[in-house]
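Line by line, the protein sequences are chains A and B.
Position in the first sequence counted from 1, then plus 266, gives you the numbering used here.
Position in the second sequence counted from 1, then plus 216, gives you the numbering used here.
Derived by calculation from the structure, the hints in this document are not laboratory data.
Even glycine gets a Cβ: it sits at the ideal position worked out from N, Cα and C.
Don't take every hint at face value.
With the C-beta cut set under 10 Å, the calculated list includes, among others, these residues of chain A facing chain B [as the list claims (entries may be wrong)]:
no.: 1; residue: T381
no.: 2; residue: Y400
no.: 3; residue: L418
no.: 4; residue: A458
no.: 5; residue: F478
no.: 6; residue: D550
no.: 7; residue: T584
no.: 8; residue: P588
no.: 9; residue: T621
no.: 10; residue: G622
no.: 11; residue: F645
EDC-like, lysine to aspartate or glutamate: derived pairs with alpha carbons at most 20 Å apart [unchecked claim]:
no.: 12; chain 1: B; residue 1: K346; chain 2: A; residue 2: E644
no.: 13; chain 1: B; residue 1: K350; chain 2: A; residue 2: D551
no.: 14; chain 1: B; residue 1: K346; chain 2: B; residue 2: D357
So, partial list: chain B residues that the calculated Cβ filter (under 7 Å) puts toward chain A [unchecked claim]:
no.: 15; residue: E233
no.: 16; residue: G234
no.: 17; residue: T235
no.: 18; residue: R277
no.: 19; residue: G279
no.: 20; residue: R285
no.: 21; residue: L286
no.: 22; residue: D339
no.: 23; residue: D357
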Amino acid sequence: MIALLAVLAWAVTRPRGLPEAVVGAPAAIILIAAGAIAAGTAAAEARQLAPVIGFLAAILVLAHLCDDDGLFRAAGARMAGSSAGRPRRLLAQVFLTASVTTAVLSLDATVVLLTPVVFATAARLDVRARPHVYACTHLANSASLLLPVSNLTNLLAFAASGLAFGRFAALMALPWLAVIGTEYAVFRRFFAADLASSGGDGAAGQAALPVFTLAVVGLTLAGFVVASAAGISPAWAAFAGAAVLAARALARRRTGPAALVRAADPAFLIFVLSLGIVVRAVVDDGLGAALAPLLPGGTSLPALLGIAALAAALANLTNNLPAVLVLLPLAAPSGHAAVLAVLLGVNIGPNLTYTGSLATLLWRRVVHRHGSAPDLREFTTLGLLTVPAGLTLAVLALWAALHGIGG
Amino acid sequence: MTDRDTTIRSVFIWVAEGTWRASVDAALRLAPAGAGFTVLHVTPSEVADAAHGAYLGLFGRGGPDPGQRLGELAAASATGLLDAAERRLGRRCARLEIQGIPEREVVRASVHADLLVMARDGDRSRLGPKSLGKAARFVVDHAACPVLLVWPESAPHVGTMPPPPRDRDAGRGRGEARAAARPRRRRGLPRGGGEPS
């Protein structure tokens, strides 16, 4: 338990910006050495996590190469062109782009790569950036429901659920649309003043659509479904897509091996692996038994609502990554409906608090005691307006999907 | 009468995205000759904060912090906007680029101004309390100097005004008067104003 707290505390405070793996990996090794987790159990956990981590690395590289090829710049130009300086139209365009980017290239791509492009687009159009930037940060979480690749939490749950790629997407499509619709309705009202001021005649800017890159992403997506249906891990499709784009970029000298390795973020991959082992040790040591009575059994509508609410609450304590690692082994025995309900909670829930984590929030309060802390009223109000409503509607939609197309 | 000097020497213009042209034009039209201008832009710090928060939410993933990138982009955008305002003004002026909560910073910055020119920032498709946004309302309430509040587009027709309360009381029970009392949607708004939702 102390090991888990140390790892989480380090991840929250990030002393001197050092990577989380600096504490994560030694913590996992100490737990194994001290016998807190049997070496066999740790190895089994690592074997289970390794393919997920490989999959994640491939997606991170794929998104990075898409950015190198100008995909997000082109998306910015398209949003600017079709919104014609009208903020409400731009918001609709941002919702569409951010939802699709998050679903296909994961939430990291939306946060790190798309958000700056959206800001620049709004600035160029002379419209207020606030609603559009908030749309990116919210949709990075709430629109990450659709595909296993949209969020690391999904990849973990996907591995645990035993669902095929296509089936996962089919069951999550309705909740995905429900939560995006809720966000859109709230945003239109909440930011009515910002969205009322029409922009100037800012030039839309030109950026050629990288057709080849887009085609590779499309084929990768098709590859996920086909590979999964054929019983092959869809991670191979992600590797293939990333390999094609990487080979092309290397041949054209637009990237180097070092940049590709950086894009895969090895320190983070090691952190996920160690966190998985540490969480496993703590769950086996009693946290699992303590939490099990809180998790509703069965897959009735009230049970699914309860699971999602508990997952959302747990995700907001530290972060949704440890939350999903803790909850998956508890929910998995109830079947994939329960696993998907956990995902709704851990993916939509983080919009409730700044950084999706009360721990980070409190830490930042401490750090900023003498400086200027971020103004969180707006952020929190927006979270309170979107999360409970979005989560409830998403669970209803999941329940309908489970009954409509068969659980 | 006191002998307080009421000459307008210092005119502050609040430059905000989408509405700044109207503010600059009004200042040019109405400020007395010889007045000095200051153009003022506030970048809301919460925008970069929101992106930074989302990045922290990724819990340890590397890569550049979009909050920092947004901060740089916002600074460049503010400079560009003040450049454009200065060009439209057609004369040299003082410039203020501030970060923070816009309404508070505007009140603070304009404390020694003789006049503050600003545009409405609310939802003007329905004229009523909400057609003056939260930020503009705050500045109107707290500004330490006279405020000139201008329409970002052409001013509304006088017919959009609801009847006075006495007429509404007299017409109680009659459908026609009740309907007239509701705020009417403005017609013929320039783009961005009356778009159907």
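Broken hints, by number: 5, 6, 13, 23
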